[in-house]
Amino acid sequence: MNNKTKTLVGIGLLTAVVVVLQALAIGIRFGLFNITLVLVPIIVGVALYGYVAGIWLGAIFGLVVLFTDAGVFMAINIPGTIITCILKGALAGFLAGIAYKSLEKKNALAAVIVAGIVAPVVNTGVFLLGCRLFFYNTIKEWAAGAGFANAGVYMLTAFVGLNFLVELAINLILSTVIVRIIQIGKRSGAATVDNEGAQK
180 MNNKTKTLVG IGLLTAVVVV LQALAIGIRF GLFNITLVLV PIIVGVALYG
230 YVAGIWLGAI FGLVVLFTDA GVFMAINIPG TIITCILKGA LAGFLAGIAY
280 KSLEKKNALA AVIVAGIVAP VVNTGVFLLG CRLFFYNTIK EWAAGAGFAN
330 AGVYMLTAFV GLNFLVELAI NLILSTVIVR IIQIGKRSGA ATVDNEGAQK
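The sequence shown begins at 180 in this note's numbering and counts up one residue at a time.
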């Protein structure tokens, strides 16, 4: 296979992994929302195929979340929910890609660790920003009903809480495994793509 075909096949396989992992995560909750298991294949995709792959895989993750775990927010604001879900995944993939690529040549493990930190931080941060922009009035009512005087504190404890820590821990624990997967992928001839889309 030529590089373009290998890239399409590789991204297609990682897309399937993202869909399956996030579907499996439906039953795993620490708080109100499912945890995110797909940040690992997104980081692998970025490392092997570049930023565009990270954006694509992140957006696919956002779509799966939209259809499996966003019903409460869809009932409040449909456009806001769509924007938040897709944007948080796509930006997590893109910025994790920037983090990885900036460190890859210096230290592969450090690149994976930093990308593994950036991905859940961005994913969670954009989610909270979306909550503030699109759902804040409703969230204030939820906070008051739960006995919270501050809606921001309510979002951090009820929406983020243990979920974020679990996602971050998964990425850090699997860092050496991710490095190994990337090394195998590169040895097998996976095409890498720079930030302008040119194959290397």
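These aren't lab readings, by the way, just hints derived from the structure by calculation. Nothing here was measured: the structure is a model prediction, and the numbers come from that model. Watch out, some of these pointers could steer you wrong.
Unchecked claim - Dumping the calculated BS3-like pairs for lysine-lysine here, alpha-carbon to alpha-carbon at most 25 Å:
(1) K284 with K185
(2) K280 with K365
(3) K280 with K183
(4) K365 with K285
(5) K319 with K185
(6) K365 with K183
(7) K280 with K185
(8) K284 with K365
(9) K284 with K183
Here is what the structure says about each hint:
{"no.": "1", "hint": "K284 with K185", "result": "23 Å, holds"}
{"no.": "2", "hint": "K280 with K365", "result": "14 Å, holds"}
{"no.": "3", "hint": "K280 with K183", "result": "20 Å, holds"}
{"no.": "4", "hint": "K365 with K285", "result": "17 Å, holds"}
{"no.": "5", "hint": "K319 with K185", "result": "49 Å, violated"}
{"no.": "6", "hint": "K365 with K183", "result": "14 Å, holds"}
{"no.": "7", "hint": "K280 with K185", "result": "20 Å, holds"}
{"no.": "8", "hint": "K284 with K365", "result": "14 Å, holds"}
{"no.": "9", "hint": "K284 with K183", "result": "23 Å, holds"}
Violated hint: 5 only; the structure is consistent with all others.
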